[in-house]
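*Asks:* Once you've looked at the hints, go ahead and assemble the two chains, each given alone in its own frame, into the complex.
The listed protein sequences correspond, in order, to chains L and A.
324 is the number of the first residue of the first sequence in the numbering used here; add one for each residue after it.
201 is the number of the first residue of the second sequence in the numbering used here; add one for each residue after it.
Hints may be right or wrong, so weigh each one.
[To be verified] From the structure, some residues in chain L lie toward chain A, with a derived Cβ separation under 10 Å:
id, residue
1, PHE375
2, ASP386
3, ARG451
4, VAL564
Keep in mind that the hints were calculated from the coordinates and are not lab data.
Virtual Cβ for every residue (Gly too), placed ideally from N, Cα, C.
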Amino acid sequence: MTVPALAQRRAAEAAPSASRRPWRDDLVGWAFAAPFVILFGVFLAFPILASFLLSFTSFGLRDIANPVGTSVIGLKNYVDLLADPKFWKALFNTFYFVVVGVPVTLVIGLLIATALSRGVTRFRTAFRVGYYLPVITSIVAIAVVWRFLLNPDSGLINMLLGGLGIKGPAWLADPVFAMPSIIAMAVWRNLGFAMVVFLAGLQTIPSSLYESASIDGAGRWQAFRYVTIPMLRPTILFMTVITTIGYLQLFEEPFVMTLGGPLDSTLSITMYMYQQGFTFFHQGYASAIAYVLFVIVALIAFLQFKFLRSDE
Amino acid sequence: MTAIPARAPADVSAAAAPGSGRTAGNRWVYLLLVGGLVFMVGPFLWMLLGSIKPQADFLTTPTILPSVPTTDNYQRLFQQLDFPRFFFNSSVIALAVTVGNLVFCPMLGYALAKLRWHGKRVIMGLVLATLMVPAGITLIPNFILMSKLGFVNTYPGLILPFLAGPFGVFLMRQFMFGVPNELLEAARMDGANEFRVFWSIVVPIASPVLATLGILTFLGNWNSFLYPLVMAQEPQMYTLPVALATFATGQYQADNGMLMAGSVVLVVPVLIVFVLFQRWITEGIATTGLKG
Chain L
324 MTVPALAQRR AAEAAPSASR RPWRDDLVGW AFAAPFVILF GVFLAFPILA
374 SFLLSFTSFG LRDIANPVGT SVIGLKNYVD LLADPKFWKA LFNTFYFVVV
424 GVPVTLVIGL LIATALSRGV TRFRTAFRVG YYLPVITSIV AIAVVWRFLL
474 NPDSGLINML LGGLGIKGPA WLADPVFAMP SIIAMAVWRN LGFAMVVFLA
524 GLQTIPSSLY ESASIDGAGR WQAFRYVTIP MLRPTILFMT VITTIGYLQL
574 FEEPFVMTLG GPLDSTLSIT MYMYQQGFTF FHQGYASAIA YVLFVIVALI
624 AFLQFKFLRS DE
Chain A
201 MTAIPARAPA DVSAAAAPGS GRTAGNRWVY LLLVGGLVFM VGPFLWMLLG
251 SIKPQADFLT TPTILPSVPT TDNYQRLFQQ LDFPRFFFNS SVIALAVTVG
301 NLVFCPMLGY ALAKLRWHGK RVIMGLVLAT LMVPAGITLI PNFILMSKLG
351 FVNTYPGLIL PFLAGPFGVF LMRQFMFGVP NELLEAARMD GANEFRVFWS
401 IVVPIASPVL ATLGILTFLG NWNSFLYPLV MAQEPQMYTL PVALATFATG
451 QYQADNGMLM AGSVVLVVPV LIVFVLFQRW ITEGIATTGL KG
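Chain A with its partners taken away, still in its complex shape (with noise of 0.2 Å):
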């Protein structure tokens, strides 16, 4: 798990590259670094511009830009889909989600990486063996499960199996060996119980990497798709790639620019969330080299 040093800080390679002198071989590298770029983003741009294209666009010989440009698909997911609805479910299961591991990881975490108890070392063997774990072994048991407590087509049922993620404990137990024991120590001599040690001494300093796990969690369950594929059969519960992969897959299927309205939706937050946060995200994935 641990085969990615820990990172050093961002920008010492820059400074420290020998050959930056190269200008002419370097010229080339940032043609084909842009070239790539373009490669990587156009497809980006392809979904914006179609979203705001007619639907008579689609019928002619294809152009990048819209004829006339319009808000109709937009109006129409909204309107005769219930997108606000999605947008809403997978707001809600992805935001409970977040906040379920953010209490239950750094707490395992810490008692993995700083306590001393009976049954640790087999706890933290089956975490770790459940980190790769893939994720269609589960789904047919917690199914059956869900059916069983009525959770199907619930919140519950889309929420709780995903609170407690094994990723989260290996980052917060990567993290806590690194906080410093005298500190640990000097707060249990002013007589500060663990719990308390936890809250008021190890949480703050845990923040940055609170923010990494927070960040990491939302996204991977905002775009999350095979589970609540199974698990919300009514449309009412479906959260927006179910949604997007439904209408794309049935009824709506050749609706490029409704579509493409709808893919919109589903990537602008996830694309806010990372240009603000983009530095935290990527250097929690360095560090880990796991995905949320």
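This is chain L alone, in the form it adopts within the complex (with noise of 0.2 Å):
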């Protein structure tokens, strides 16, 4: 939160009200909120709470007729994941997808912004809708098209290296290179959502910091280092936070390319899940990897929000 915006907020809740009957604007705003809050509450707010209870039940097919009949079991799902061995590697698998992909969509996704907003000045609309178009397309069309250039017969990418002499690897029938397969799928897909966010954080950053950098005879890399880089923090760890969040949830893509295969090598948590829930049908079972994530998402979340807070 800015420190406008704050002052903004404060201003705004400390406007004077037209009514003086408070009931009257408790009336008014709930009506403004009902819509909303009866939706939002059915479809997500009891569903956050159902999903955690349902994590402690052993819930499957047959329990549909009669949700409230089915058997709690305490910690059992908790307890058999801790020993479930394609849980810990579908944990590992999606660890492996964000600590590689994130830093590398980010680095990649700084590096093009920082080229367009100083120096580049033609054709900048060009470059920035073609870097994003990859963002707004469907995962799923994305790895379909991937999935055929990864092709180690018949696609573009071991034609080309072909080309230069080498014989590329069978990509995502690997089970070394399909995980890296995907990752670079990742980062060509979200690296222009960084680009965006990153153009907006730079376009803040005053540019008598440069002049005063140049001054003092900064080059072009010592200009990004000690004035692009810290001025952009806040802005790199809202970005880091929110592809990792994204990547934490990994699904479409070894959907889609691999299966979660091959040898469990793409197989990740939401996509476990999935398969527990739907393939399976052991509804409690995936409820509580559900929440796995989910609490490591929150945990991600909190530590953000700690460490903007100490940033004012």
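*Replies:* Written out as structure tokens, the structure reads:
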């Protein structure tokens, strides 16, 4: 929260209301809120709670007729998870995806944003649109196309490598290369999003800072290192969190490209939750998986909140 | 949430950037950017070209251009498979969800930013707290709920949970803070009730933000996958992403041409919306730091 925004909010809240009858204010306020709050309550807030409760039951297909009649099994789902090698594999794969994917996405996004905001004046819109294009397209469509691009025999990538005299690997069919391939595709798809947010952040850096840096004899790299990076710190932190939370939910890419294989090398947490919940109908167990992911995401959001607070 | 400070006008940095005189360095930057652009756009071109290649082209050594351009893949998509139906489903669901968000989110955003009522802080906290909740968490309870309501494989089942998204409330609330109170007070003095103030003063001012919200909601929903995958189990209720993924992982998985054509059908409407409205989309995302 920036300082002006806070002041603005305080001013808005302190503004005198037209009515002197508080119950009437409440009525109007709730009338505006009600449609959203009802839908939100039924389909978002309640399911979040329900999912927590489900994670302590053995809910399965036969319980759908009478959800309340399912048997409560306490912490058994969580205990089973700890001993489930597939879950650990999924956890490991998801973190592999995040730990490699997030920094690469952000670094490339930041470099492009910096290039576009300083010096490059011609074709800026074309670059912006081009780099942003994959962000708004369906991951399913992209995954289908990339699957063909990465095809070892008929794909463009191995064809180009072949032209250089390199025999490309089997990419998605190879347990070693499958996850890096998916990471490459995710970076390709999301770097435009990082670029747009960084571009917005870069525009708030006063150009006088760059001028004084240049007077002090700073080169391009030094200006980037000692002006851009420190000034962008809040944006970088924010993007790290947003991208991490998004990447933790990896699902479409392995679903379309590898179905979690080969040898579970691309099985993600959400993918495993989907398999447990909707292939095997172990919905209590799947809820426990979903909740573990939820706790990880909440923890990261909380840490961000703390970091950003200490910044001000 | 508001780590991104409000956005400055889009093109100031170009003029403000020093160092634009370093042309030798710039040439390298342009070269790299253009190279990157080829890499970004390449897969889309490969998709377009692939969608007009005849079957035979995929059996021989891969080529970039089709030997004979053909519409055969599209014909099979629309005649053998029910793609017109999937296209219709995706459109109906994305449009309904967009309309819902355009109605409900500004209303709550206005009440949160400009009205005083009991319970406001609780609602605001709840909405903001769910902004980052992973989609998977609500999936199973919603599936059970929809099963009980008999809404699995129906439009309501695919639409209802998304009519009121926290993202829209966040976006609208941020915007509503900027609406001058004097304007609202003046209307109230003239005897307008809150609904009239909202409808004839606030909504017209908010129309650019509403456009951003509408576009982002539409795109987000058009591309949505996990939830429709679970909720649309009968082929006649498939959305385009569900249909494409199902065929790509099922019996048509080796049918390059048809799957590329399916991807084109899924991607092209989005590209058209994007090219027409790109400024609104990128600025909306830059202001909020969130996707739809």
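*Asks:* Each hint needs a verdict: does it hold in this structure or not?
*Replies:* Against the structure, the hints:
| no. | hint | in the structure |
| --- | --- | --- |
| 1 | PHE375 | holds, 9 Å |
| 2 | ASP386 | holds, 8 Å |
| 3 | ARG451 | holds, 7 Å |
| 4 | VAL564 | holds, 8 Å |
The structure is consistent with each of the numbered hints, conforming to all of them.
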